[in-house]
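> Put together the whole structure using the sequences plus the hints.
Taken in sequence, the protein lines are chains A and X.
Residues 590 to 669 in the working numbering are what the first sequence lists, from first letter to last.
Residues 32 to 169 in the working numbering are what the second sequence lists, from first letter to last.
A couple of the hints might just be wrong.
Below, in silico cross-link-like pairs of lysine-lysine (DSS-like), each with a Cα-Cα straight-line distance of 27 Å or less [stated by the list, open to error]:
(1) A/LYS601 with X/LYS93
(2) X/LYS50 with A/LYS601
(3) X/LYS148 with A/LYS635
(4) X/LYS92 with A/LYS635
(5) A/LYS608 with X/LYS71
(6) X/LYS89 with A/LYS609
(7) A/LYS608 with X/LYS148
(8) X/LYS36 with A/LYS601
(9) A/LYS609 with X/LYS155
(10) A/LYS623 with X/LYS148
(11) X/LYS155 with X/LYS105
(12) X/LYS105 with A/LYS601
(13) X/LYS155 with A/LYS614
(14) A/LYS608 with X/LYS36
(15) X/LYS147 with A/LYS634
(16) A/LYS601 with X/LYS69
(17) X/LYS103 with A/LYS601
(18) X/LYS69 with A/LYS608
(19) A/LYS635 with X/LYS36
(20) A/LYS623 with X/LYS155
(21) A/LYS623 with X/LYS89
(22) A/LYS609 with X/LYS71
(23) A/LYS601 with X/LYS92
(24) A/LYS634 with X/LYS92
(25) A/LYS608 with X/LYS89
(26) X/LYS36 with A/LYS634
(27) A/LYS634 with A/LYS601
(28) A/LYS634 with X/LYS155
(29) X/LYS155 with A/LYS635
These aren't lab readings, by the way, just hints derived from the structure by calculation.
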Amino acid sequence: MKTTILAFGIAKEIFGGSKKELELKDGITVRELKNELESFFPAIKKLHTYLIAVNDDCAEDDLILGANDEIAIIPPVSGG
Amino acid sequence: MIDLKISDEPLDAAACIAKATEAECGGVAVFIGTVRNKTKERRVVRLEYECYMSMALKEMKKIADDAIGLWKIKNILIYHRTGILHIGETAVIIAVNAPHREAAFDACRYAIDTLKKTVPIWKKEVFEDGEEWVSAHA
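Structural data, given as structure tokens:
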């Protein structure tokens, strides 16, 4: 399935833009997506931590992603 | 009342306090976060904030709902800036209105502490000699 991953903060710099289109296998889990992202963009592994948000909520690693989900990579937040 | 906003417009503390306060609640606790001029002795030129708007508002709503559930407060306002902020400018305002001061103080502290942990807003510190996304690396 074709997916767009949104990126913010330092993740935007790692991606080279605010979104990245990726072709992912159907039924991919959040954990598998993280592995794919880390192999495409090794700099992600250097982050203190990061998480994947799906439809505006933090996603567990075993969540299965669907074609219509809004997916974002959330590096460590630093508001305030 | 819950009042949440994320905007690139300057924040007006007096207007926020007025919006959050009503006559039957005598206590207003306010936290105002402003841009410091240095971090660990490095001189800061400006901060650049960005957010994931839909998720940030959702997380701010959770904070406000939780604060109202945990303490006897009536109104909570959480406003956050985005965009480029210079030294001394206001980045965040939290105003909590309650019948009594303890609840107002406690809920206000809870709101800013939680915002810094959970709301998807990011700031880049721009120094005289470089720049850095805050907290990105350990």
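> Hints first: check each against the structure and report whether it holds.
Outcome of the hint check:
no.: 1; hint: A/LYS601 with X/LYS93; in the structure: holds, 26 Å
no.: 2; hint: X/LYS50 with A/LYS601; in the structure: violated, 35 Å
no.: 3; hint: X/LYS148 with A/LYS635; in the structure: holds, 20 Å
no.: 4; hint: X/LYS92 with A/LYS635; in the structure: violated, 31 Å
no.: 5; hint: A/LYS608 with X/LYS71; in the structure: violated, 33 Å
no.: 6; hint: X/LYS89 with A/LYS609; in the structure: holds, 23 Å
no.: 7; hint: A/LYS608 with X/LYS148; in the structure: holds, 24 Å
no.: 8; hint: X/LYS36 with A/LYS601; in the structure: holds, 23 Å
no.: 9; hint: A/LYS609 with X/LYS155; in the structure: holds, 21 Å
no.: 10; hint: A/LYS623 with X/LYS148; in the structure: holds, 21 Å
no.: 11; hint: X/LYS155 with X/LYS105; in the structure: violated, 34 Å
no.: 12; hint: X/LYS105 with A/LYS601; in the structure: violated, 39 Å
no.: 13; hint: X/LYS155 with A/LYS614; in the structure: violated, 34 Å
no.: 14; hint: A/LYS608 with X/LYS36; in the structure: holds, 24 Å
no.: 15; hint: X/LYS147 with A/LYS634; in the structure: holds, 22 Å
no.: 16; hint: A/LYS601 with X/LYS69; in the structure: holds, 25 Å
no.: 17; hint: X/LYS103 with A/LYS601; in the structure: violated, 41 Å
no.: 18; hint: X/LYS69 with A/LYS608; in the structure: violated, 32 Å
no.: 19; hint: A/LYS635 with X/LYS36; in the structure: violated, 32 Å
no.: 20; hint: A/LYS623 with X/LYS155; in the structure: holds, 24 Å
no.: 21; hint: A/LYS623 with X/LYS89; in the structure: holds, 23 Å
no.: 22; hint: A/LYS609 with X/LYS71; in the structure: violated, 35 Å
no.: 23; hint: A/LYS601 with X/LYS92; in the structure: holds, 25 Å
no.: 24; hint: A/LYS634 with X/LYS92; in the structure: violated, 31 Å
no.: 25; hint: A/LYS608 with X/LYS89; in the structure: holds, 21 Å
no.: 26; hint: X/LYS36 with A/LYS634; in the structure: violated, 33 Å
no.: 27; hint: A/LYS634 with A/LYS601; in the structure: holds, 14 Å
no.: 28; hint: A/LYS634 with X/LYS155; in the structure: holds, 19 Å
no.: 29; hint: X/LYS155 with A/LYS635; in the structure: holds, 17 Å
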